[in-house]
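Asks: The primary structure of each chain is shown beneath.
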Amino acid sequence: DTEVTQTPKHLVMGMTNKKSLKCEQHMGHRAMYWYKQKAKKPPELMFVYSYEKLSINESVPSRFSPECPNSSLLNLHLHALQPEDSALYLCASSHEGFGETQYFGPGTRLLVL
Amino acid sequence: AQSVTQLDSQVPVFEEAPVELRCNYSSSVSVYLFWYVQYPNQGLQLLLKYLSGSTLVKGINGFEAEFNKSQTSFHLRKPSVHISDTAEYFCAVSEGSTTDKLIFGTGTRLQVFP
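Protein chains in written order, with my numbering: chain B, 1 to 113; chain Z, 1 to 114.
Derived from the structure by calculation, the hints contain no laboratory data. Treat the hints with care, as some may be off.
Below 30 Å or equal to it, Euclidean Cα-Cα: the simulated DSS-like pairs (lysine-lysine) are [what the hints assert, rightly or not]:
| no. | chain 1 | residue 1 | chain 2 | residue 2 |
| --- | --- | --- | --- | --- |
| 1 | Z | 101 | B | 41 |
| 2 | Z | 49 | Z | 69 |
| 3 | Z | 58 | B | 41 |
| 4 | Z | 69 | B | 40 |
| 5 | B | 19 | Z | 58 |
| 6 | B | 22 | Z | 49 |
Pair ranges (Cβ atoms, derived) [to be verified]:
| no. | chain 1 | residue 1 | chain 2 | residue 2 | range |
| --- | --- | --- | --- | --- | --- |
| 7 | B | 56 | Z | 30 | 18 to 26 Å |
| 8 | Z | 40 | B | 62 | 26 to 34 Å |
| 9 | Z | 68 | B | 73 | 39 to 47 Å |
| 10 | B | 27 | Z | 70 | 33 to 41 Å |
| 11 | B | 10 | Z | 2 | 32 to 40 Å |
| 12 | B | 59 | Z | 84 | 36 to 44 Å |
| 13 | B | 20 | Z | 54 | 22 to 30 Å |
| 14 | Z | 20 | B | 62 | 38 to 46 Å |
| 15 | B | 14 | Z | 53 | 50 to 58 Å |
| 16 | B | 62 | Z | 101 | 20 to 28 Å |
| 17 | Z | 46 | B | 51 | 38 to 46 Å |
| 18 | B | 56 | Z | 29 | 14 to 22 Å |
| 19 | Z | 41 | B | 67 | 20 to 28 Å |
Quick caveat: nothing in here was measured; it's all calculated off a predicted structure. Here a beta-carbon is modelled for each residue, glycine too, at the ideal position from N, C-alpha and C.
Could you put together the complete structure from these sequences and hints?
Replies: Okay, here's the thing in structure tokens:
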């Protein structure tokens, strides 16, 4: 099984809402990632978890709050987002180590009104 | 600091023609290089990667890339493209000795016409 699943596929939320994005993998990977991708742009790294601990935070605003409850799950909690946060949010996972392949989910397309 | 340049934002090509997508990187240390493909409304999928060894790397779907250290390039090639190869292609680099962060290029849109 080389699949990373993400839910929901689409999400529309207002600026005062609280929502969560979910990501799951069963490949035994111990590194998990959140990326943000704007239209016609490359993915931008937001967070990296290694062995369920946050190892990289790319200076992401606090209205994005990641959580890794166990080795298979990764959440991204959203609160008080801005319209400019509308984007495709991609989750990825990989084995720990340099040069490892990252496996990406299909993404959650988020629209903030 | 490492960076990746994809010189061509769009590459139009006819079906069954060969194609080359260019990628140049900038890094002062040894690097790992990747090509990912993103089909419409999907996540990214690894095409191939270079870690060490042979400079010619073969990937999925008939793609290959050649690592050229002197020219700091990692161009992607396919001898005969298909309509289904229409997608966005991203070159990426990670500095193998310091971090496993991927730095992506700006992407090349390959459009294959019948």
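Asks: Could you run down the list of hints and mark each one as holding or not?
Replies: The hints, checked one at a time:
no. : hint                     : in the structure
1   : Z:101 / B:41             : holds, 17 Å
2   : Z:49 / Z:69              : holds, 15 Å
3   : Z:58 / B:41              : holds, 26 Å
4   : Z:69 / B:40              : holds, 29 Å
5   : B:19 / Z:58              : violated, 42 Å
6   : B:22 / Z:49              : holds, 28 Å
7   : B:56 / Z:30: 18 to 26 Å  : holds, 21 Å
8   : Z:40 / B:62: 26 to 34 Å  : holds, 33 Å
9   : Z:68 / B:73: 39 to 47 Å  : holds, 41 Å
10  : B:27 / Z:70: 33 to 41 Å  : holds, 37 Å
11  : B:10 / Z:2: 32 to 40 Å   : holds, 34 Å
12  : B:59 / Z:84: 36 to 44 Å  : holds, 38 Å
13  : B:20 / Z:54: 22 to 30 Å  : violated, 44 Å
14  : Z:20 / B:62: 38 to 46 Å  : holds, 44 Å
15  : B:14 / Z:53: 50 to 58 Å  : holds, 52 Å
16  : B:62 / Z:101: 20 to 28 Å : holds, 21 Å
17  : Z:46 / B:51: 38 to 46 Å  : violated, 23 Å
18  : B:56 / Z:29: 14 to 22 Å  : holds, 18 Å
19  : Z:41 / B:67: 20 to 28 Å  : holds, 26 Å
Comparing the model with each earlier hint shows violations of hints 5, 13, 17; every other hint is respected.
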